[in-house]
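**Q** Here are the chains, one letter per residue:
Number of protein chains: 2
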Amino acid sequence: MTMEAERTLGEEQLTQLGELAAQLRVDSIRCSTKAASGHPTSSLSAADLLAVLISRHVRYDWAEPGNRANDHLIFSKGHASPLLYAVFKAVGAISDQELVDTYRQFGSRLQGHPTPALPWVDVATGSLGQGLPVGVGIALAGQYLDQLPYHVWVLCGDSETAEGSVWEALDKAGHYGLRNLTVLVDVNRLGQRGPTELEWDLDTYRRRVEAFGCQAIVVDGHDLAAIDDALGRARQATGPTVVLARTVKGKGVPEIENKPDWHGKPLKPDLAERAIDALGGVRQIRVTGPQPEPAPPTGAPTGQPVQLPRYDRGAKVATRNAYGDALRAIGVRRDVVVLDGEVSDSTRADRFTDAYPDRYFEMFISEQQMVAAAVGLQVRGYRPFASTFAAFFSRAYDFVRMAGVSRADIALSGSHAGVEIGADGPSQMGLEDLAAMRAVQGSTVLYPSDAVSCAALVAQMVDRKGVNYLRTTRGGHPVLYDNDEPFPVGGSKLLRGGDDDRVALIGAGVTVHNCLAAADELASAGINARVIDLYSVKPLDRERLLAAVRDTGGRLVVVEDHYPEGGLGSAVLESLADLAEPIRLTHLAVRGLPTSGTPTELMDQAGIGVSAIVAAARASV
Amino acid sequence: MTMEAERTLGEEQLTQLGELAAQLRVDSIRCSTKAASGHPTSSLSAADLLAVLISRHVRYDWAEPGNRANDHLIFSKGHASPLLYAVFKAVGAISDQELVDTYRQFGSRLQGHPTPALPWVDVATGSLGQGLPVGVGIALAGQYLDQLPYHVWVLCGDSETAEGSVWEALDKAGHYGLRNLTVLVDVNRLGQRGPTELEWDLDTYRRRVEAFGCQAIVVDGHDLAAIDDALGRARQATGPTVVLARTVKGKGVPEIENKPDWHGKPLKPDLAERAIDALGGVRQIRVTGPQPEPAPPTGAPTGQPVQLPRYDRGAKVATRNAYGDALRAIGVRRDVVVLDGEVSDSTRADRFTDAYPDRYFEMFISEQQMVAAAVGLQVRGYRPFASTFAAFFSRAYDFVRMAGVSRADIALSGSHAGVEIGADGPSQMGLEDLAAMRAVQGSTVLYPSDAVSCAALVAQMVDRKGVNYLRTTRGGHPVLYDNDEPFPVGGSKLLRGGDDDRVALIGAGVTVHNCLAAADELASAGINARVIDLYSVKPLDRERLLAAVRDTGGRLVVVEDHYPEGGLGSAVLESLADLAEPIRLTHLAVRGLPTSGTPTELMDQAGIGVSAIVAAARASV
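Protein chains in written order, with the numbering used here: chain A, 6 to 626; chain B, 6 to 626.
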């Protein structure tokens with residue numbers, strides 16, 4: 006077949022596609038009406054796009070969702086889940102019964118918004134403006150790492166283009182020339198509570214898309230032949246393509262077409278019945294779309310054995326430096342990929358980049374896209390490490406939250422934590438990151454005090470499930486541990502302690518050093534203080550804390566370079582909440598708004614320095 | 006003077022401006038070299054822009070920063086603080102000594118990045134891509150509310166245009182036609198660790214800016230006459246203008262001009278000395294720029310007295326509905342302004358909009374811009390209320406964090422909290438918002454259980470300082486309180502209780518209702534359970550908790566529709582950490598990843614439903 010012929014659909018094919026589109030519409034209505042919940046109108050507008058896409062363009066072996074050569078299909082407009090699940094029925098992935106009877110029901114995998122509980126869903130969507138940035142990550146993997154010919158297809162809503170993350174994503178798609186990425190924007194003109202900002206101003210959409218470095222193709226989203234032509238051109242393009250499809254919300258059900266008050270509302274049974282009749286009734290069409298080419302076997306992910314960096318005890322080494330050193334060390338594994346938000350010389354991610362430039366992706370100052378790209382890379386089996394200042398992960402918090410919902414396996418490293426950073430001032434200080442990261446579903450939160458423990462933790466993050474967050478420190482502080490010391494996640498270290506400890510000083514990261522100095526001062530005053538390094542903030546070493554409570558009569562001083570809410574102190578308290586023994590915990594944390602100054606000045610001002618710890622310990626015994 | 010003449014600078018004026026620019030450069034070098042910290046090169050690139058801006062365009066009475074008619078000057082590239090403070094010296098706001106001797110020192114108001122500790126600084130910057138969105142909020146106030154002729158001038162870096170928030174801001178600037186907004190982009194080609202994404206591709210910048218609805222003017226950022234012309238045109242434009250200035254990083258110091266390794270590095274003293282000499286030495290030029298027109302007196306902010314909505318005890322009313330009703334009620338105050346992220350029919354903010362359309366700003370789906378606009382509006386003395394789903398405030402977390410650093414007075418309302426929302430699934434459930442919002446500096450966190458308490462709290466948020474967060478619930482639950490009951494922030498309510506309580510059930514929001522049902526069930530089994538409504542999560546009513554510990558022997562059951570980390574349970578534990586008495590706290594929270602289902606199914610699955618509370622209470626007594 007010639008290229009021309011591929012682009013020209015015959016009458017029969019158009020009829021078949023029309024029938025399929027009608028089925029997708031009918032099924033979108035059926036499942037949402039049965040559930041009395043969901044977004045049928047946002048599904049109807051995109052039904053024609055999906056009918057053509059799955060019949061003729063998405064190369065996918067639906068019986069084998071793990072096939073490495075499969076294309077990827079992401080519903081960035083996750084609320085159109087009725088349509089996505091109707092697609093899954095059409096390709097034979099789920100049954101008609103599962104679709105209609107279980108949608109949005111308790112215990113069903115067909116949830117209100119898609120999640121990877123379904124094997125054909127790469128990532129959870131439903132927080133708008135996130136599916137596309139994740140798709141960029143998958144496309145990066147395809148074009149630069151896998152070098153496989155799979156294509157990434159992302160369906161976006163028009164409303165979500167108001168999210169800046171969409172433009173971060175298109176910018177990166179253009180910058181990296183992602184020819185394996187096609188975005189379909191369902192421009193149905195209506196948002197949740199009225200018209201969208203741009204309504205049907207397709208020309209403005211086009212100019213924006215083009216200015217951000219992508220090819221734009223404007224089509225009538227209900228013209229099957231035009232859609233087919235656009236998608237064919239997109240697959241053959243030399244860069245990313247955005248198909249801007251002018252559509253009608255509720256298309257196919259005249260009573261609700263293009264009506265503003267129909268967002269997120271299922272059709273009542275009588276209206277649903279009329280609509281289904283008008284659409285030609287229930288169908289059981291089974292589509293077999295194009296199949297992927299067989300993928301070559303993967304290479305082994307590991308190269309040389311990992312040789313972690315080694316440090317001299319007592320030498321002053323910043324944990325951010327150890328992060329960079331460890332990244333470089335684990336870089337012998339070919340599945341390790343690194344991203345940074347244009348601060349790799351600060352986070353020290355650049356130590357990896359110098360050695361493995363092909364597996365480093367510069368995300369410039371777009372933290373949302375950075376985290377999303379990490380999520381996309383792990384979809385393809387890579388082990389992404391993404392870094393920026395701890396404070397600036399707050400910019401991507403919704404993406405981290407959704408990574409938790411997706412059960413994505415990613416590693417994040419936030420440098421420049423706390424007032425310890427000194428002169429740059431509060432805008433640059435991560436002081437709420439422990440609270441935020443601990444509250445992410447299934448997360449791990451690590452905060453090493455020295456270079457040896459930092460490197461050991463980085464090595465474990467590679468294979469750890471879920472969202473893994475490592476907090477590093479700007480300044481150099483003494484190496485505390487021997488190089489071969491193990492640091493299991495969920496563990497802790499006893500740095501000072503004996504049978505006659507009268508108080509336990511508990512720190513993590515930089516405050517461990519303050520606790521050690523305080524313990525020395527207390528010892529010279531005849532007060533034995535235990536010192537615990539809680540490098541694993543989540544999960545926490547409850548056994549170590551129980552022993553400290555037992556041995557000291559419950560006298561704990563927790564010290565953290567973080568605001569008092571939700572951080573290390575809370576983690577300790579949560580862990581011991583159900584204990585019968587009394588605990589008197591003195592909680593030293595950053596309680597005011599910091600300013601500029603030296604690290605010591607600022608830690609002293611915040612009451613987390615050595616003298617404050619000594620005073621708290623004295624007061625407690 | 007004719008308009009033409011205004012735009013044509015004579016030789017003398019150009020010389021004066023050149024001298025001023027040299028002074029700004031010299032002072033940027035002096036203060037950062039003295040501090041051995043800071044970003045001189047990022048200051049040097051923009052010195053010519055600022056020399057022209059403050060001499061001829063910014064209408065500002067520097068002796069009276071509170072003058073309502075003053076223009077606004079925001080350094081979105083907050084790391085160029087040496088330049089900003091050099092400007093403050095040039096206009097006579099600060100002394101040469103304060104500039105050179107205190108920059109970045111402990112206790113100085115000249116912090117590493119600007120904060121409103123300085124009266125001429127509206128908001129803290131330093132998290133890139135935030136100053137412009139805040140400027141949009143100020144410009145909205147000027148054009149739509151104040152109707153004063155002040156202009157908003159924002160200096161952006163080129164690197165920060167990689168942040169999606171910049172495009173959210175320009176999009177809104179274009180949408181609202183903000184003729185009082187001018188953005189100066191200092192396109193110096195170099196980011197922190199190398200070239201920016203677009204380097205000196207001014208044409209791409211121009212196309213992006215224009216596509217987003219703003220006028221673009223490209224200039225040589227070191228051509229004083231061209232800058233003057235551009236700024237003059239910007240002030241007279243009929244919409245927002247972006248001046249794209251091609252500049253050289255480190256301009257004026259040939260040894261470091263346009264060199265990639267000079268970001269964020271102060272000049273060593275010997276280099277500084279040579280550079281200052283070459284720039285003509287230290288100057289003490291004092292600029293008097295244009296002054297503002299006198300502003301008319303402000304109207305009284307209050308209109309009619311506020312009449313809060315009233316509800317019938319026992320009626321099922323969603324707290325989100327009460328939020329909308331209360332917003333409408335406080336709308337009689339002319340300083341109340343409302344924003345929403347295109348979900349006002351869900352958050353119920355639309356109940357305000359219907360009554361006061363002129364004081365409602367639709368932000369579409371751009372939560373970052375929404376929070377930033379709120380911060381900008383409060384700069385001008387308004388009392389903004391911004392709402393979206395609780396989950397989606399995570400999208401704007403960095404903006405909320407920076408609002409805390411700015412000590413901005415804003416009110417946020419997050420609806421659809423917790424698994425209670427039901428069928429929509431985990432992407433739509435706010436389950437980490439209490440942890441995140443509690444950890445914001447100076448924040449207040451409120452979570453009412455019924456409509457009466459919700460309305461009462463909204464009324465107090467109007468005048469409350471700092472970041473105020475209100476968590477509302479999707480579903481209707483019984484009204485528990487009489488209409489005139491007071492609900493002070495920091496208080497709580499005892500809903501069941503007596504002298505012989507054996508356990509205290511502590512909830513907030515929806516779990517209060519579950520606690521009440523559990524208490525009834527326990528009572529019928531002969532177990533007296535106290536029920537506490539902790540509607541004020543931060544600050545917390547410690548006295549009420551102390552009494553509960555004392556009266557029940559420390560048997561507490563805390564129940565929250567939130568992940569277990571950092572939420573209500575942590576707040577209770579933090580508050581009681583130093584207590585000598587033993588506490589056995591059973592913490593019921595959402596410990597797994599939720600799915601879709603009915604609210605009751607999901608609360609039961611999470612172990613925060615009635616039967617789980619009963620079981621926990623029984624186990625504890």
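Do not take every clue at face value.
No copy is singled out in the list; a pair is fine if it fits within one copy or between any two copies.
With a straight-line cut-off of 30 Å between C-alpha atoms, the simulated BS3-like cross-links for lysine-lysine are [what the hints assert, rightly or not]: (1) LYS39 with LYS470; (2) LYS470 with LYS264; (3) LYS273 with LYS321; (4) LYS470 with LYS270; (5) LYS321 with LYS39; (6) LYS273 with LYS470; (7) LYS321 with LYS270; (8) LYS273 with LYS39; (9) LYS270 with LYS39; (10) LYS264 with LYS39.
None of these hints come from the bench; they were simulated from the model.
**Q** Against this structure, judge whether each hint is valid.
**A** Cross-check of the supplied hints:
1. LYS39 with LYS470: Classified as neither; 36 Å inside a copy, 47 Å across copies.
2. LYS470 with LYS264: For LYS470 and LYS264, the Cα distance exceeds 30 Å both inside one copy (45 Å) and across copies (42 Å).
3. LYS273 with LYS321: between (69 Å within a copy, 24 Å between copies)
4. LYS470 with LYS270: Result: close neither inside a copy nor across copies, 37 Å intra and 39 Å inter.
5. LYS321 with LYS39: Answer is between: at 26 Å across copies they meet the 30 Å cutoff, but 65 Å inside does not.
6. LYS273 with LYS470: neither (43 Å within a copy, 46 Å between copies)
7. LYS321 with LYS270: between (61 Å within a copy, 22 Å between copies)
8. LYS273 with LYS39: within (9 Å within a copy, 72 Å between copies)
9. LYS270 with LYS39: within (12 Å within a copy, 63 Å between copies)
10. LYS264 with LYS39: within (22 Å within a copy, 64 Å between copies)
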